[in-house]
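Residues per chain, in single letters:
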Amino acid sequence: DGGITQSPKYLFRKEGQNVTLSCEQNLNHDAMYWYRQDPGQGLRLIYYSQIVNDFQKGDIAEGYSVSREKKESFPLTVTSAQKNPTAFYLCASRGRPGQNNYEQYFGPGTRLTVT
Amino acid sequence: DAKTTQPNSMESNEEEPVHLPCNHSTISGTDYIHWYRQLPSQGPEYVIHGLTSNVNNRMASLAIAEDRKSSTLILHRATLRDAAVYYCILRAGDMNRDDKIIFGKGTRLHILP
Chain P
-11 DGGITQSPKY
-1 LFRKEGQNVT
9 LSCEQNLNHD
19 AMYWYRQDPG
29 QGLRLIYYSQ
39 IVNDFQKGDI
49 AEGYSVSREK
59 KESFPLTVTS
69 AQKNPTAFYL
79 CASRGRPGQN
89 NYEQYFGPGT
99 RLTVT
Chain E
816 DAKTTQPNSM
826 ESNEEEPVHL
836 PCNHSTISGT
846 DYIHWYRQLP
856 SQGPEYVIHG
866 LTSNVNNRMA
876 SLAIAEDRKS
886 STLILHRATL
896 RDAAVYYCIL
906 RAGDMNRDDK
916 IIFGKGTRLH
926 ILP
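Residue numbers (our numbering), protein chains in the order written: chain P, -11 to 103; chain E, 816 to 928.
Note that these hints are calculated values from the structure, not bench results.
Computed cross-link-like contacts, DSS-like style, restricted to lysine-lysine with a CA-CA straight-line distance of at most 25 Å:
| hint | chain 1 | residue 1 | chain 2 | residue 2 |
| --- | --- | --- | --- | --- |
| 1 | E | Lys920 | P | Lys45 |
| 2 | P | Lys45 | E | Lys818 |
| 3 | E | Lys915 | P | Lys45 |
| 4 | P | Lys71 | E | Lys920 |
| 5 | P | Lys59 | E | Lys915 |
| 6 | P | Lys58 | E | Lys915 |
| 7 | P | Lys45 | P | Lys58 |
| 8 | P | Lys45 | P | Lys71 |
| 9 | E | Lys884 | E | Lys920 |
| 10 | E | Lys818 | E | Lys884 |
| 11 | P | Lys71 | P | Lys(-3) |
| 12 | P | Lys59 | P | Lys45 |
| 13 | P | Lys(-3) | E | Lys920 |
| 14 | E | Lys818 | E | Lys920 |
| 15 | P | Lys71 | P | Lys2 |
| 16 | P | Lys(-3) | P | Lys59 |
| 17 | P | Lys(-3) | P | Lys58 |
| 18 | E | Lys915 | E | Lys884 |
| 19 | E | Lys915 | E | Lys818 |
Using the sequences provided together with the hints, build the complete structure.
See below:
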């Protein structure tokens, strides 16, 4: 089945540790996105990548880093510099405009808790 | 980036139609209007999208104003499973434009049994 997988579903870390969230898609989509969602809030864009080996900062990129070495994968690292890392993290991908798969597809999310 | 404005929350009775409004007064000529919904503890899912004409699919209908500065998502017969946060967003239809997809806070729809 085609789709987006994020792992793990729940992640616990101690403050001061870096942590990497996985996002993989087998939809052959060009673009991938990372969003953060806090309780009762909307989605805020962290980073996005429209093509392999290229990515751009979203609205809240500070304290995060990404890589896009393969079309299928877009891992997000939450660094110790991120002041409030506890949140629900969502990964998404999309095809090209004009194609039937132009809409964004979202993964199930990773809930990160840092104590 | 083009922005959208939606009410924070709405209520509707089960089995009645629901009209969810969205304002997007700064929409550009090539922007598509997309709607997504997010059920509790899940990622958002695509609902419908359109450019100028009204659109229907199995989930909902999308009514777009003639000047394209507003749109309305219509759920024809709401069920309890439609209780979710609904997001209205604008998407670049021009492949050369940076497709920085921004979600607002959306409308939290409550369905009353």
